[in-house]
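When you get a sec, could you build the whole thing from the sequences and use the hints?
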Amino acid sequence: MIGYVLVVAQAALALLLAPGLVGLIRWMKARLQNRRGAPVLQPYWELGKLFRKEVVVSNNASWLFRATPFIVFASVVAVTFLVPILAVPLPFDGVGDLLVVVYLLLLGTFFLSLAGLDPGSPFGGMGASREMTVAALAEPTVALAIFALALSAGSTNLGQIVARTMADPGAALSPGHLLAFGALFIVTLAETGRLPIDNPATHLELTMIHEAMVLEYSGRYLALIEWAAAVKLLIFFSLLGNLFVPWGVSVTMTPSTLAIAVASLLAKLVVLAGVVAVLETRIAKLRLFRVPELLSASFVLALLAVTSSFLLR
Amino acid sequence: MASEHLLLVMILAAYPIGALAALGIRGAPGRGLVAGCALVGALAGLVLGAVRLGGGLAPTFTASFLPLTGIALRIDGLSAFFLIVIGVVGAASAVYGFGYSAAYEGRYSLRMLGAMLNVLLLSMSVQVMADNALTFLMAWEAMSLSVYVMVLTEHDQPGTIRAAHWYIAFTHAGFAALVAMFLLLSAGDLTTSFAAMRSAPLAHGVRNAAFLLALFGFGTKAGVVPLHVWLPMAHPVAPSHVSALMSGVVIKMGVYGLLRVTIDLLAGGPAWWGGLVLGLGTVSALLGVLYALMEHDLKRLLAFHSVENIGIIFIGIGAGLMFQSYGLTTLATLGIIGGLYHTINHACFKGLLFLGAGSVLHATGTRNMEEMGGLIKRMPRTALFFLVGACAISALPPLNGFVSEWLVFQALLGGSAIPQPEVAVIMPIAVAMLALTSGLAAACFVKAFGITFLAIPRSPEAEHAHEAPLSMQAGMVSLALMCAALGLAPSAVVRVIGAALSGLERFAPAEVGFTLGLPLRVPGAVGEMSPPLLALGLVLLLGLVPLGFWLAGADRRLRFGDTWGCGRIGQTPRMEYTATAFAEPLRRVFAELYRPSRDLSIDFHPESKYFVQSIEYRSEIRPWFERVLYDPLVHVLGTAATWVRRLQGGSVHLYLVYMTVALMVLLTVARWGR
Chain A
6 MIGYVLVVAQ AALALLLAPG LVGLIRWMKA RLQNRRGAPV LQPYWELGKL
56 FRKEVVVSNN ASWLFRATPF IVFASVVAVT FLVPILAVPL PFDGVGDLLV
106 VVYLLLLGTF FLSLAGLDPG SPFGGMGASR EMTVAALAEP TVALAIFALA
156 LSAGSTNLGQ IVARTMADPG AALSPGHLLA FGALFIVTLA ETGRLPIDNP
206 ATHLELTMIH EAMVLEYSGR YLALIEWAAA VKLLIFFSLL GNLFVPWGVS
256 VTMTPSTLAI AVASLLAKLV VLAGVVAVLE TRIAKLRLFR VPELLSASFV
306 LALLAVTSSF LLR
Chain B
838 MASEHLLLVM ILAAYPIGAL AALGIRGAPG RGLVAGCALV GALAGLVLGA
888 VRLGGGLAPT FTASFLPLTG IALRIDGLSA FFLIVIGVVG AASAVYGFGY
938 SAAYEGRYSL RMLGAMLNVL LLSMSVQVMA DNALTFLMAW EAMSLSVYVM
988 VLTEHDQPGT IRAAHWYIAF THAGFAALVA MFLLLSAGDL TTSFAAMRSA
1038 PLAHGVRNAA FLLALFGFGT KAGVVPLHVW LPMAHPVAPS HVSALMSGVV
1088 IKMGVYGLLR VTIDLLAGGP AWWGGLVLGL GTVSALLGVL YALMEHDLKR
1138 LLAFHSVENI GIIFIGIGAG LMFQSYGLTT LATLGIIGGL YHTINHACFK
1188 GLLFLGAGSV LHATGTRNME EMGGLIKRMP RTALFFLVGA CAISALPPLN
1238 GFVSEWLVFQ ALLGGSAIPQ PEVAVIMPIA VAMLALTSGL AAACFVKAFG
1288 ITFLAIPRSP EAEHAHEAPL SMQAGMVSLA LMCAALGLAP SAVVRVIGAA
1338 LSGLERFAPA EVGFTLGLPL RVPGAVGEMS PPLLALGLVL LLGLVPLGFW
1388 LAGADRRLRF GDTWGCGRIG QTPRMEYTAT AFAEPLRRVF AELYRPSRDL
1438 SIDFHPESKY FVQSIEYRSE IRPWFERVLY DPLVHVLGTA ATWVRRLQGG
1488 SVHLYLVYMT VALMVLLTVA RWGR
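So the protein sequences, as listed, match chains A and B. Counting from 6, one number per residue, gives the positions in the first sequence under our numbering. Counting from 838, one number per residue, gives the positions in the second sequence under our numbering.
You can trust all of the hints, since none of them are fake.
Here are the simulated distance ranges between beta carbons:
| # | chain 1 | residue 1 | chain 2 | residue 2 | range |
| --- | --- | --- | --- | --- | --- |
| 1 | B | Asn1045 | A | Met6 | 57 to 67 Å |
| 2 | B | Ala1311 | A | Val276 | 51 to 61 Å |
| 3 | B | Tyr1454 | A | Met171 | 56 to 66 Å |
| 4 | B | Leu1049 | A | Ala302 | 32 to 42 Å |
| 5 | B | Phe1462 | A | Leu21 | 51 to 61 Å |
| 6 | B | Pro1433 | A | Gln47 | 42 to 52 Å |
| 7 | B | Thr1203 | A | Ala35 | 45 to 55 Å |
| 8 | B | Ala1104 | A | Val276 | 50 to 60 Å |
Not close to chain B: a few residues of chain A, all C-beta gaps over 10 Å, as computed:
| # | residue |
| --- | --- |
| 9 | Ala14 |
| 10 | Arg36 |
| 11 | Ala43 |
| 12 | Tyr49 |
| 13 | Met171 |
| 14 | Gly175 |
| 15 | Gly198 |
| 16 | Pro260 |
| 17 | Ser261 |
| 18 | Val267 |
| 19 | Ala268 |
| 20 | Thr286 |
| 21 | Ile288 |
Keep in mind that the hints were calculated from the coordinates and are not lab data. None of these values were measured; they are calculated from a predicted model. Backbone N, C-alpha and C fix where the C-beta goes; we use that ideal spot for every residue, glycine too.
Rendered as structure tokens:
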């Protein structure tokens, strides 16, 4: 019973924290660039404002356009029930493993791309095309990173991966884990639309991917999509944090360990947000056709991760 | 006992009646009889297979027909499984064909189409039940020829004749290999039963030769790279319900044959057999989807996806064969179950997609996606069914494509159990390629669905499109429901496929070990998941979010307006993103592989080259297989044929000389042989 309560609490926490995480990265970036920056809470106010605004829908759009925000949001929320954000093992570990998580997120991307094409705007089509290109090229890296993790844990089950690393702390420093972390970090940047693949701050049509795709959305639909994007970022961060550096994740479900779990989650998110903020102030956006090179670099990292897991087993 | 005989008789009687009716009766009654008989036969096969796998029949069931002809039938688990595959797609296509072929009335030969449809279904049903090589080969040839006739239905359309030529050339090259293979296995007597072949002692070399011949022969039918060339030509030009059958079932007969020969008759082999199948599968999967991405002909796109999905099936089977050679029976079973699961999944969603494409073709008269668009409003049901198929083939949870890919992934993840690291390292590479394939497939189906059904119509034909008639919708909806059912009840499906495999005596006994509860758990708990709970969760969330909105008092106002056009008023279809543009980034990324040929010609004004009168840009991607492998082959064959033709001088005296020489050579050889 406590498990189910915990899972719901964890999902709620993810939903609550996610806009703040985006705000935090924005704020840190601003500070690093010598700007004052909007407050960390700004994204919450933006979401609230969007929820209160009326929706404008294109005449050309079909029912798919109006259903997509809900599908995207539902798929992302479903993932928050499956990934270990605070504790392992979760009661829903058996419902979906790491592969399910990846393909559920792909489900959202798939529908979002369709919705980009739906109003017939060239920008939406362009965003959809680019988004699917990046998503397709990121897939093999993700699969190999999963392979590397599953090799050392003997399972693709998320709870098992975390538990196995906790039982054998040395594994976290094994070359396989480190390389897989690097690969998955690059994929995180690609999948969540961060620099150097996509610029989350731009609204210049020719350079953007995610923003172009959702250009036609407004009001509560846009709010849902933006919120879902933020939750996706949080999911990837907590996967990076908890699969590779699992310490702090609660195993016994007592109030004290849960408090530690929340604290460690926050610490990990802040650290990763800091890394991303620094990275985004240091590097420029890549040309679209240089992105595959970066992704193939991450693919090679993942392949090395698997090979070293094989050899050092 | 009696029930299985009755069902068998129904299969063997309904199809011939349908075929004869097609030849004799014209008009709607004729089409109705064709569809009705095919439906009865297909459903009888479906029930027979299901009852057998559900444990309602004896493990094997033998029937001998007309002893002198050498025809023998036997139903074991594998036959039953493929009877189900034939039955599901056959029934849907038959019903769909009733409405679809109405448009052929008076234009093309409906008699041949209807007759051959029934011959095709009959020959495939007999083929999977065949108990000796003769029966198998006769059914195989009947299947190939009936498809040939149906491919030629729209014989006056450009490309049809050429496609049929390629098809028949491949199918007969494959047939020759199969005859040779069975001659090797049966020591020359094609009426020897499969049971005798199983126990025949064979030398290693003979086994290897037989395997390679089988791989070639069945590979041509399955359309595995590089033997796939006929597939993207022949599938699109056939009537759409025939395309659905070809892609959903006919190419699966290659999978059936390969399984029957390698794991049943030959009982597995060295690791390189599996490795070869796995390698071919990986290459097929990747190349299939890459060429599909560049395709704007909706049915050709789907045909290339069949190459891709056959690749995925081969990956599962290849991994299974490899594991079997190392004695890892549980993993071997897992791999082959993954392959078979994908077989029935692909039959359902590709059948569905071809039927959907047929409805679009029916409504717009074109296969070119660039001339479609906006169809979701004009044919909403077809659009919905096509979307289900698109999600399923893109392996999106919780539909069926995801479950089988997950199983194949799990089998490959088990690759670390292979004792030789240099062999085991193949597995992660296959994992990466499979993941890339499924990512690209998702991209391709965003393109296929988005450009075809969404946004505003790109041509007057698309603007005046109409929804498909009820019979066609019925065909589509049944397959769409199958896609959902196969995705939501994986534990039951896996158990059924396990039963199909456990009938094979010489395949290491399938100790399946999957748990049968809601979650699908892979033996040894490598991974588990539960699509029904996942689906339930998604549905709940989909309901809860709007409820949350309502409770939170979000603004529910909705205003309709124009699509934003940078301030430009009025949107035209020419402003939309096209299929070519959609695939452009991937074309650039994989440019090394595609090697597109570009042709740019600019006409200048005669007075000054600063005034451009017209710009013409042509770009073509021709798969390099055709250039590198088949162009020389066609050339050599053409030359050889010209040369051989000289033998045929038209003079009877010359022919008598040939015959005498041939007779003498034969007699000499026969004398030596003794």
